[in-house]
Amino acid sequence: MPFTGNSNLKKYAVCLAVVFFFSCRSLVTTYEDVESANSYTASPLQDEPQNVESLKVMTWNIRFGAGRIPFFGDSCGDRVLMTKGETEGYLNSIVAYIKSTEPDILLLQEVDISSKRSSYVNQLQYILDRTHLNYGAYASMWNIEIVASDGLGKVDAGNAILSRWKITDAERIKLPLRTDQDDLTQYFYLRRNILKAKITLPEHDNFYAVNIHATAFAKDDTKQKHIDEYVNVLNGIEENDDIFISGGDLNALTPWTSKRDFCEDDKCSDDVCDGNYNTNTVYEGSYFEFIPNEINLLRPLYNFNPAIDSVSLQQDDLSLINTHSPWNTNANNTGFSDVDYWDRKLDYLFTNFEDGFINGTTHQDAHELSDHAPVSATLAFP
Amino acid sequence: MKIILQISFILLVVGGILFAGDTAYPLENGQRQMGVFQPRIYGMNNNLEISTHPLLFFVKPNVKLKKFYKEINGLGLASRYSFDYPTPLFKILQKKGIGGLLSNPNDVGKIPHLIVLQGELLATKIFTQYSVTAKLGMSTCLGCTLDSRHLIDYDLAYPRMALYHYGIGANMGLDLDYIYSEKISLKADMDMFFLPEEKIFLEHKFLLSYNLSKKYILTAGYKYSYGYYPFNKLEGLWNLFPLLDLSWQWNK
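Chains as they are written, first to last, in our numbering: chain A, 882 to 1263; chain B, 2 to 253.
Bear in mind the hints are in silico, worked out from the structure with no lab data behind them.
Computed from a prediction, not measured in an experiment: that's the story for all the values here.
Keep in mind that a hint or two might mislead.
[Unchecked claim] Quick list of simulated restraints, FRET-style, between CB atoms:
hint : chain 1 : residue 1 : chain 2 : residue 2 : range
1    : A       : Val909    : B       : Asn74     : 35 to 41 Å
2    : A       : Thr1160   : B       : Leu56     : 35 to 41 Å
3    : B       : Met193    : A       : Val909    : 55 to 61 Å
4    : A       : Asp1152   : B       : Ala189    : 54 to 60 Å
5    : B       : Met193    : A       : Ser907    : 23 to 29 Å
6    : A       : Ser907    : B       : Leu56     : 27 to 33 Å
7    : A       : Thr1081   : B       : Met191    : 49 to 55 Å
8    : A       : Pro1173   : B       : Leu219    : 55 to 61 Å
9    : B       : Val133    : A       : Asn973    : 52 to 58 Å
[Unchecked claim] Think about it this way: if two alpha-carbon atoms lie no more than 20 Å apart in a straight line, the pair counts; the simulated SDA-like pairs of lysine to any residue are:
hint : chain 1 : residue 1 : chain 2 : residue 2
10   : B       : Lys97     : A       : Gly966
11   : B       : Lys92     : A       : Arg960
12   : B       : Lys97     : A       : Arg960
13   : A       : Lys1148   : B       : Gly98
14   : B       : Lys234    : A       : Thr964
15   : B       : Lys234    : A       : Asp959
16   : B       : Lys96     : A       : Val1002
17   : B       : Lys97     : A       : Asp1151
18   : B       : Lys71     : B       : Gly120
19   : B       : Lys96     : A       : Asp1151
20   : B       : Lys65     : B       : Val37
21   : B       : Lys65     : B       : Thr141
22   : B       : Lys111    : A       : Arg960
23   : A       : Lys965    : B       : Asp148
24   : A       : Lys965    : B       : Val109
25   : B       : Lys234    : A       : Gly966
26   : B       : Lys97     : A       : Val1163
27   : B       : Lys234    : A       : Val1002
28   : B       : Lys111    : A       : Val1002
29   : B       : Lys92     : A       : Ser1030
30   : A       : Lys965    : B       : Lys65
31   : B       : Lys71     : B       : Phe128
32   : B       : Lys126    : B       : Glu72
33   : B       : Lys97     : A       : Val1002
[What the hints assert, rightly or not] Pulled from the structure, derived: some chain A residues nowhere near chain B, Cβ distances all over 12 Å:
hint : residue
34   : Gln927
35   : Gly970
36   : Ser996
Where a beta carbon is used, it is the ideal one built from N, C-alpha and C, also for glycine.
If we strip away everything but chain A, and leave its shape as in the complex, we get (with noise of 0.2 Å):
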């Protein structure tokens, strides 16, 4: 949301801003550097299974139920505001492919509990309700009574970690601010977390879940912090002798890609890629090269174990375990191959149980659904 104009005039709308939004409920929430996350319980309640040889863990950024809806913001369209039909009907078949795949925990990124973009259903509770998960924690990244733009109005959107067993200890560990945008932006802009949060499996007391949805348009280091207090708390979890399964939307590149600019795939009609990667907006997002060194951004993460093996894939091979699909210009997103729907991998998870994960799946056939993949894969107890 850049401002334009002088600034006299932006500390005179800022001043308006103030004295208009002024009221005893804050417009923006904000919040401590670590809280409690709010906690779900699907309604009814399915039977968990006490004894756990396997685990089947999945990611998914599920784009707020809007399928592959031609939004403004993140795809070429114009779209704002989804009827309740439209939003029931997408998550209709995020369900669906949620019960066809049987994950035993899940970590959404991009659920909407309270967004008039989609009509106000709580996705988190709509999915719970449906769904073999009985248990749910949520951490907001973006609650604004009304985002004064584009007609968005109310939202509450940010991660969830689902599960068939209890969760507790659920925490909402902040990111960083951007620093590239001022600060009217800044503050109805979106705040990231770490959602972390223990599993009370069967026969493992000391089992964790963590959340993450890291910056995508930062142009800044911000997107190196993210992932360095990733690494932090993850590495905080193995140094406890604890055992944690994590993953999320990482914005971010494998450091086998060597691919780092998709501004000409990611492109509007009207845009242009210029080389101008500060000034350009349309690179924010598609040009992955603005912090230093950023090819080995996710280097620290693979002394985890990954659930895809890209270290062993041929350069050829790497669309396999593609997980975002930039905005096609074929309106319908038809006539695509699983491959080459998908064009880059930004969705990840890793575990540290010392035998890895088996069964490591990108489900590339999951189109329509969202603008990413999930990605799967299975712990095996002995």
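Since chain A is already given, all that's left is putting chain B on it; use the hints.
Same frame as chain A, but now just chain B:
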């Protein structure tokens, strides 16, 4: 510059809502009153009073006419009729980017012509130092079927905009005006809004006015709102807004 204008218009609209006052008695013929956020009020002959917000008129044509009838046992009776056409303002607010409080026409649809008519009955009883005013009103926006996604789901705005979706609404309220001294007066009121398929919305305000001089009046206080919005149908939500305004009065 556009954003400044937009915010200014919104401030004026909100200010008009926040500071609205009610009494059956009109200003005397030739008397004029206006505030930063309050409309310009003209006292006319034949116990008539006309008010409009001149700055806002260009984007939200509006006019109110109040007619005082008579006193019955010390109870002053009046009726008030208003016309409001918010369509141009909403078209300004229907935009992409900052300031876009309503989503673009390709998403939810164009803003239709919204012609709002309101009729109210006012009854005021004046005592030595204070007066009490009761109010009962009906509003109609004939043929209005504004998509509910265009409604701004926020305090004060929602119950007023919902009229453009439902086409009909009612309101009632009670005002208490107390003259503490030559310079200080107090005002407290309670308003209720009734809309089809919605729970009652409540608003209350308290104002303290200080006569800086014969012409200028400084007013401060708060506005309280309570209601059930589309995102909290099960639990009422309240909010409190600070109020501050400068108004002035003069004779023609």
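Against the structure, the hints:
no., hint, result
1, A:Val909 to B:Asn74: 35 to 41 Å, "violated, 53 Å"
2, A:Thr1160 to B:Leu56: 35 to 41 Å, "holds, 38 Å"
3, B:Met193 to A:Val909: 55 to 61 Å, "violated, 30 Å"
4, A:Asp1152 to B:Ala189: 54 to 60 Å, "holds, 56 Å"
5, B:Met193 to A:Ser907: 23 to 29 Å, "holds, 26 Å"
6, A:Ser907 to B:Leu56: 27 to 33 Å, "holds, 30 Å"
7, A:Thr1081 to B:Met191: 49 to 55 Å, "holds, 50 Å"
8, A:Pro1173 to B:Leu219: 55 to 61 Å, "holds, 57 Å"
9, B:Val133 to A:Asn973: 52 to 58 Å, "holds, 56 Å"
10, B:Lys97 to A:Gly966, "violated, 24 Å"
11, B:Lys92 to A:Arg960, "holds, 17 Å"
12, B:Lys97 to A:Arg960, "holds, 11 Å"
13, A:Lys1148 to B:Gly98, "holds, 18 Å"
14, B:Lys234 to A:Thr964, "holds, 17 Å"
15, B:Lys234 to A:Asp959, "violated, 28 Å"
16, B:Lys96 to A:Val1002, "violated, 25 Å"
17, B:Lys97 to A:Asp1151, "holds, 15 Å"
18, B:Lys71 to B:Gly120, "holds, 18 Å"
19, B:Lys96 to A:Asp1151, "holds, 18 Å"
20, B:Lys65 to B:Val37, "holds, 18 Å"
21, B:Lys65 to B:Thr141, "holds, 15 Å"
22, B:Lys111 to A:Arg960, "holds, 14 Å"
23, A:Lys965 to B:Asp148, "holds, 13 Å"
24, A:Lys965 to B:Val109, "holds, 13 Å"
25, B:Lys234 to A:Gly966, "holds, 18 Å"
26, B:Lys97 to A:Val1163, "holds, 17 Å"
27, B:Lys234 to A:Val1002, "holds, 12 Å"
28, B:Lys111 to A:Val1002, "violated, 25 Å"
29, B:Lys92 to A:Ser1030, "holds, 14 Å"
30, A:Lys965 to B:Lys65, "violated, 38 Å"
31, B:Lys71 to B:Phe128, "holds, 17 Å"
32, B:Lys126 to B:Glu72, "holds, 9 Å"
33, B:Lys97 to A:Val1002, "violated, 24 Å"
34, Gln927, "holds, 25 Å"
35, Gly970, "holds, 16 Å"
36, Ser996, "violated, 8 Å"
In the structure shown, a violation is registered for the earlier hints numbered 1, 3, 10, 15, 16, 28, 30, 33 and 36, in ascending order.
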